[in-house]
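*Asks:* Using this note's numbering, the first residue of the sequence shown is number 4, and each one after it goes up by one.
Hints in this document: simulated from the structure, not taken from any laboratory. It should be emphasised that the depicted structure is a prediction, and the values quoted were computed from it without experimental measurement. Worth double-checking, as some hints may not be accurate.
As the list claims (entries may be wrong) - Think about it this way: if two alpha-carbon atoms lie no more than 20 Å apart in a straight line, the pair counts; the simulated EDC-like pairs of lysine to aspartate or glutamate are:
1. Lys5 / Glu45
2. Lys210 / Glu237
3. Lys189 / Asp206
4. Lys5 / Glu40
5. Lys139 / Asp206
6. Lys222 / Glu244
7. Lys78 / Glu45
8. Lys138 / Asp219
9. Lys197 / Glu135
10. Lys139 / Asp219
11. Lys5 / Glu115
12. Lys197 / Asp219
13. Lys78 / Glu40
14. Lys222 / Glu143
15. Lys210 / Asp179
16. Lys138 / Glu67
17. Lys208 / Asp179
18. Lys119 / Glu89
19. Lys119 / Glu107
20. Lys5 / Glu67
21. Lys210 / Glu244
22. Lys5 / Glu70
23. Lys234 / Glu244
24. Lys189 / Asp219
25. Lys138 / Asp126
26. Lys119 / Glu83
27. Lys189 / Glu237
To be verified - Ranges between beta-carbon positions, derived for each pair:
28. Ala194 / Ser77: 22 to 28 Å
29. Gly122 / Asp195: 34 to 40 Å
30. Gly122 / Leu247: 30 to 36 Å
31. Leu21 / Leu258: 19 to 25 Å
32. Ile186 / Gln248: 49 to 55 Å
All residues carry an ideal CB built from backbone N, CA and C; glycine is no exception.
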Amino acid sequence: MKYAICRVPVAPIRISALHETEMSSELLFGECAEILETINSEWYHISCQHDGYTGFCQASQLLEVGESIFNASSKKLIREWTGSLEWNGIPIHVPMGSMMTGMENGVARWNENVIKYSGSLWDPANIVRHPELIKKLAMEYFNTAYLWGARTVYGADCSGFTQMICRFLGINLPRDAWQQERIGEKLNSVADAKCGDLAFFSDVKGKIIHVGIILDPGKIIHASGRVRIDKLTEAGIINHETGLQNYTLASVRSLF
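All chains, please: the whole structure from these sequences, using the hints.
*Replies:* If you want it as structure tokens, here you go:
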């Protein structure tokens, strides 16, 4: 098996090995993937280490690495909106949530490349989940533009947003809303939910199409047009600007 690590701030993952095809997800700096296939020396067919998502990335945006880097135990996160690093002495900037794979004492070595970071890294394994922390993390993404397939503070879709917030809380979620809806304990109603629980929404056929994070009783933050806060009822999401219901509630699930 071959492995790779993302060497650019954000690498698009596409549904086929063509630039003009849909972006279905993203790899953030420092995230690893298995290389399933190399196509024309230009594309890798990959499986993401953190969620098993598969797709196609430009080979030039990834760095082929050995198993020791792929399996590195240190996978702390950039907590700043934009983290400033050095790549072989050259300044680079990466988004919040980027993974500093293998970094110890501010230094990581990926093959012959030396990555340095002087800031404090976020360790999801050593945090206490409480409402104030969850709200603070979620609000970092407030007003972020909705972007299909995206997972950063510069653009995110609904499940990319929830996946990243849960990453900071030490919870590894799958990529898509319908997959996330299978995780955790199903609650009886919105009234039973606490801050940090996830609410899922379906179309007329019952297919899960949307997800958001419950902040307070009757309040949800979610990516719809932009990351926004709206009213949550037992029926669904009520747009706070129009007063109209625009999503139908399917379930509420507790992850912790």
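*Asks:* When you check the alpha-carbon spacing of Lys189 and Asp206, does it fall within 20 Å?
*Replies:* Cα-Cα ~19 Å, so holds.
*Asks:* Mind checking the alpha carbons of Lys189 and Asp219 for me, to see if they're no more than 20 Å apart?
*Replies:* holds (18 Å)
*Asks:* Go ahead and decide if the range 22 to 28 Å is satisfied by the Cβ distance of Ala194 to Ser77.
*Replies:* Check failed, 41 Å falls outside 22 to 28 Å.
*Asks:* Could you grab the alpha-carbon distance between Lys5 and Glu40 and see if it respects the 20 Å cut-off?
*Replies:* Judged against 20 Å, a Cα distance of about 9 Å means the pair holds.
*Asks:* Hey, Lys210 versus Asp179, does the alpha-carbon distance stay inside 20 Å?
*Replies:* Between Lys210 and Asp179 the Cα gap is close to 12 Å, so the pair holds against 20 Å.
*Asks:* Sort out whether Glu40 lies within 20 Å of Lys78, counting only the CA atoms.
*Replies:* This hinted pair is violated, its Cα atoms lying about 25 Å apart.
*Asks:* Given the proposed pairing of Lys222 with Glu143, does the C-alpha separation stay at or below 20 Å?
*Replies:* holds (17 Å)
*Asks:* Hint check: Lys234 vs Glu244, CA-CA at most 20 Å. Holds or violated?
*Replies:* With Cα atoms ~10 Å apart, Lys234 and Glu244 stay inside 20 Å; holds.
*Asks:* Quick one, are Lys138 and Asp219 close enough, alpha carbons at most 20 Å?
*Replies:* holds (9 Å)
*Asks:* Please verify whether Lys119 and Glu107 have alpha carbons no more than 20 Å apart.
*Replies:* holds (10 Å)
*Asks:* When you check the alpha-carbon spacing of Lys210 and Glu244, does it fall within 20 Å?
*Replies:* Violated - the C-alpha atoms of Glu244 and Lys210 are around 26 Å apart, more than 20 Å.
*Asks:* For the pair we were handed, Lys78 and Glu45, check the Cα-Cα distance against 20 Å.
*Replies:* violated (28 Å)
Hint violations for this structure: numbers 5, 7, 13, 16, 21, 28, 30, 31 and 32, all remaining hints satisfied.
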